[in-house]
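Q: In order, the protein sequences belong to chains A and B.
Just so we're aligned, residue 1 is where the first sequence starts under our numbering, counting upward by one.
Just so we're aligned, residue 1 is where the second sequence starts under our numbering, counting upward by one.
Possibly wrong hints are sitting among the right ones.
Since the list gives no way to pick one copy over another, a pair counts as held whenever it fits inside one copy or between any two copies.
Stated by the list, open to error - Simulated crosslink set (BS3-like; lysine-lysine; CA at most 27 Å straight-line):
no., residue 1, residue 2
1, K185, K308
2, K677, K656
3, K676, K565
4, K230, K677
5, K292, K230
6, K292, K677
7, K185, K629
8, K185, K525
9, K142, K593
10, K656, K676
11, K440, K601
Derived from the structure by calculation, the hints contain no laboratory data.
2 protein chains.
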Amino acid sequence: QYLQGAHDAWSGWMCVLLVGVFAGALAGFIDIGASWLSDIKEGICRDAFWLNREQCCWSANDTTLDEERCSQWYSWAEMVGIRTSGGGAYIVRYMFYIIWGCMFALTAAMFVRVFAPYACGSGIPEIKTILSGFIIRGYLGKWTLLTKSIGMMLSVAAGLSLGKEGPYVHVACCCGNIFSYLFPKYGSNEAKKREVLSAASAAGVSVAFGAPIGGVLFSLEEVSYYFPLKTLWRSFFCALAAAFVLRAINPFGNDHLVMFYIEYNEPWYPQELVPFMLIGALGGLYGSLFIKLNIKWCRYRKSSVLGKYPIIEVLVVAFVTTLLSFPNPYTRMNTSEMIRMLVSRCGPEDTYDLCDYKRNFTDPKSYMSSTYAGDGVIRALWMLFLALIFKGIITVFTFGMKVPSGLFIPSMAVGAIMGRIIGIGMEQLVVAHRDSPLFKNMCQSECVVTPGLYAMVGAAAALGGVTRMTISLVVIMFELTGGLQYIVPLMLAAMASKWVGDALGRQGIYDAHIRLNGYPYLDNKEEFTHTTIAADVMRPRRNDPPLCVITQESMTLEQIETILKETEHNGFPVVVSLESQYLVGFATRKDLKLAIANARKNIDGVVSDSVVYFTNQIPSGGSGPAPLKLRKILDLAPVTITDQTPMETVVEMFRKLGLRQTLVTVNGRLLGIITKKDVLRHIIQLQNQDPDSILFN
Amino acid sequence: QYLQGAHDAWSGWMCVLLVGVFAGALAGFIDIGASWLSDIKEGICRDAFWLNREQCCWSANDTTLDEERCSQWYSWAEMVGIRTSGGGAYIVRYMFYIIWGCMFALTAAMFVRVFAPYACGSGIPEIKTILSGFIIRGYLGKWTLLTKSIGMMLSVAAGLSLGKEGPYVHVACCCGNIFSYLFPKYGSNEAKKREVLSAASAAGVSVAFGAPIGGVLFSLEEVSYYFPLKTLWRSFFCALAAAFVLRAINPFGNDHLVMFYIEYNEPWYPQELVPFMLIGALGGLYGSLFIKLNIKWCRYRKSSVLGKYPIIEVLVVAFVTTLLSFPNPYTRMNTSEMIRMLVSRCGPEDTYDLCDYKRNFTDPKSYMSSTYAGDGVIRALWMLFLALIFKGIITVFTFGMKVPSGLFIPSMAVGAIMGRIIGIGMEQLVVAHRDSPLFKNMCQSECVVTPGLYAMVGAAAALGGVTRMTISLVVIMFELTGGLQYIVPLMLAAMASKWVGDALGRQGIYDAHIRLNGYPYLDNKEEFTHTTIAADVMRPRRNDPPLCVITQESMTLEQIETILKETEHNGFPVVVSLESQYLVGFATRKDLKLAIANARKNIDGVVSDSVVYFTNQIPSGGSGPAPLKLRKILDLAPVTITDQTPMETVVEMFRKLGLRQTLVTVNGRLLGIITKKDVLRHIIQLQNQDPDSILFN
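Looking at chain A on its own, in the form it has when it is part of the complex (with noise of 0.2 Å):
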């Protein structure tokens, strides 16, 4: 028996672990897979095809280190022969760029299509779902891991705007459905595996960031809908073993603990919070926007001839962004690679538009005071400003197409190109008017504006705007910037963007998709505060034929056969006679059924005619054909309301005890029933809105 707890106890760890193995590996293997393909893009490493452009030039051994070039990496204008960098190298790289990427797109598509159609988007939502009790079948299985896996690599290289962050979560959490399968506790228990799953979802954020902490965070305050305390510290093993695991294979050559590390470390001054609360604002009202667009865009394609063509979709879609794209050089360059450029610090090294200041080249510590922008800053300006607009309306339209697709690293850019627009506004405000008295304690011998930081509060704030995280967007932005001190800028941008999105719309892009797919999910963040009560909700109303139930010891086994043809009730009140309507249990549709196929075929005797008894004893004697017992597939004990319980109360118990029905009674006399739906449907209700147009389609 010790040994049985042992065992016990040591699976739950042995479970977790291996997920968070598996999870970190895939997300190397993916990140590999992206980086090899985006380059294949661009060029082709001639002797090894199979390198990437970095590891490429490392392995040719060039001895001059240019950025740009090296001797094994041919770019596909040189592939198709031409060698100088004029006019028509860049008509030639340019088409490659687009072809190599609707290719990509295309083929993720397929892939979705033919093998996993659970594999697009990016399965938050239908996790946040399945969490909350609803099951999905198919949904975490070994075909939607593998599609999603190589989908994802595909529809990053191909240069959409979509991350792979969101989608490393469902990729995670596959694993954890799979893996619980070797784990008898785990596999065959529903609310058991569904610890697991919590605890998969935080590794998938936590490789995906590098943030074990935000990860379980993010888990227990977005995706987890009942998160037992004890699971939290397995959480946080499986996430760091993720972590841990990612941080060995280290596939982009770098310290990925820290995904956009900020080098600096100046302080920031109370004016700044005037700048940084504006952002705040933006980036929510952007995230509530981008909200708004992308769930009419989805409600149109649902309802239009468009969702008739997906893989159609998904190739122009993928024509129009590479092709607006390319132009530019802050879209053409991977994505995170943009915001990690853009939260940095222009050190004496970064020669590029972004950084051309007119500094004071003799000293070399001048880079770390702020001076007159040049005018490849103006440039950059103008460059970072279309990207905005390309990329806040281009995922619009992204976000929802099938193919696999994330939400997290789109955000960011557009809020980080936003907060570095204002910061680098805030810089030269405060370099211009250095001896207003506005400014003055942030100048002592230089002025010091950080427009890294802004960027680095706008990506917060974005996406804060469009996810509605709160303590877990803080912290995933810590552990991916290492920026502990700024602590008050990220949170009170992270408020800001939190108050102005919830006032323009409640929900977060997760819940609002869950909305319009009609997933059976009741959200445990909203309060309800109405006074209505239990008998306003249940059914029948007043005007409905009367509930349809089966009595303990009267009704035949044809009467039973004819209810259960009927009707289309998952399950069915047992009740002590249709006069008293006293409650006994509550059969589901599935183990009659059962159990009658079975009483036909087996047990002799048993015929249209024979009476079935929920009751423990059967009076002896009878005349008549033999009586059926199904006492053992009765639930004895159902969960039971009184028709004057208010529904905040039942609404609690709903969402606390994982309720599916409850059955309403009065004086232990059955009433009616409310089921899960009819809760949902009371609530779209009482929100003014029109619950058949939304639920369930």
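With the hints as your guide, set chain B onto chain A.
A: Quick look at chain B alone, frame taken from chain A:
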């Protein structure tokens, strides 16, 4: 209505902001007071007695920066006229140290005794109980707040082996309780008030360690019972506000947001995981041993004559503590000062014993690598060992005395000493066997073992063993030391500590104290895995008299008054009739008494023979005295279960819905009742312990 909503939302933020600001301010005040009183034990600032040593020396403006001496600060030996530093001065200083310590302890105990008995201890067990739904009147009142604040300063200054970190949680919760009355939404609703208290306890830990994220996780993991996700964000805000205010007050004159900042950034090696795990296991061992002994001693105190003389007990312990701690520099110094020293690395300017290594002083960077220990280190090891024994033993007797006392710092101190000793051992082992294949990779040119890291891991391990915190422990350690790169060692030690601790005894110190005091706390971390059903637990038992019920329309006022007089139940089920026992509702004793007293006084014609009606309609035309209608006091939605409900479900309902009792029915008829105490008794019985000996005394 819109304004109403905005005010509603706003008031929550306002409330936690106030709580955070005040908790931070109070913490700053207590820190300053305690540091001043601590210094008073050793000497006084002659010209300005209200300054502590640091401020005094600072204001003296001495040109020589001698750590030990400054012109304005007079030790007590100097004050009585002994200016030499010989034996006489030592004895005088020793005596003053003891006298001041005993006086402070005595004053603290008197304060607690006279003004607020609830101010003793750490307060966390009681706050856990309060957050689980039990009400302890006055526990969070203003007198407790005041007494605890002052008592904390005194007991810390007395040099007792206790910390002020746990009590900060209590102080912050008092603030939370007091401020919640300013906002009717929170003051008048116990459930809402608990949300504020959860946020307040996060603020308490936040100011104790400068760890806002750790504070929120501590509140989530350890203190709170229900933690609605929307409070998470507000708690974080509260914790951050508190930390910010404390930092602005800056009681220590340094950057308090990282209390034990570690300045090193050395890597750790895989071999080191073995000693880390050993430290973790020892921490777990220490923790469970401490809990066992402390509980034994507390029980002895409760049952013996000792409990009657709390003040003498405090005095004796204070005398023994000061007597034994003065000779040893490591126990004489402030405990958090000692921890800071132990987790640090020996720098080039550190000349004390612990840093007496045989270094090559010509190389300024030699302190960055390990080398052979000198005699001073051996001396320091002996001192540390004695301090370990002393701290370990005296804390058992100190925690639970009638003074405000926390456990975080003493536990961390024990762990840090242990860790540092093992760390130095490991260091010497590696240095001595630098060519062994085991340690080869650790010694490139010079070996690098950081004993401070071992101390940090040890502190986490011991704290984990005592409190059984998990993720919050790791996060607090990060925020406390800034050592995000040591996540794996910390995690490993915390896991080893928890596993070893749980194997030796499931309960953490707070849960053990909850049970010791017999609070009705239903643990929500333990899984209930037994197969008992409600019928096994409910009362009346088989041979008991039947359940005491009230009928809905046949009892006279006198009969009900008799029931109220003869029983002590807190409430009574109301049924249709005694024969049928169909359940109508539930009436609490309080409401019944109030309603009856009211009716007797105010309604004409109500006499003892009046029939009491709980129904909607009253049969008209009856003769006899005027009837009494009491339907409005009836709870028409009592939670009911059937007798076949598994106890697993019942326990879950008690936990998640916060029930105090549930009624047991079968086929609509009332069968019995299960109260929270019945459930607690049942759980303890299943653990093969005698329920009566432990509970509710």
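Q: Now, for every hint given, state plainly whether the structure supports it.
A: Hint by hint, here is what the structure shows:
| no. | hint | in the structure |
| --- | --- | --- |
| 1 | K185 - K308 | neither (42 Å within a copy, 52 Å between copies) |
| 2 | K677 - K656 | both (16 Å within a copy, 22 Å between copies) |
| 3 | K676 - K565 | within (23 Å within a copy, 44 Å between copies) |
| 4 | K230 - K677 | between (31 Å within a copy, 24 Å between copies) |
| 5 | K292 - K230 | between (38 Å within a copy, 23 Å between copies) |
| 6 | K292 - K677 | within (25 Å within a copy, 51 Å between copies) |
| 7 | K185 - K629 | neither (31 Å within a copy, 54 Å between copies) |
| 8 | K185 - K525 | between (30 Å within a copy, 18 Å between copies) |
| 9 | K142 - K593 | neither (31 Å within a copy, 64 Å between copies) |
| 10 | K656 - K676 | both (13 Å within a copy, 18 Å between copies) |
| 11 | K440 - K601 | neither (91 Å within a copy, 74 Å between copies) |
Figure legend: structure checked against the earlier numbered hints; hints not met, in rising order: 1, 7, 9 and 11.
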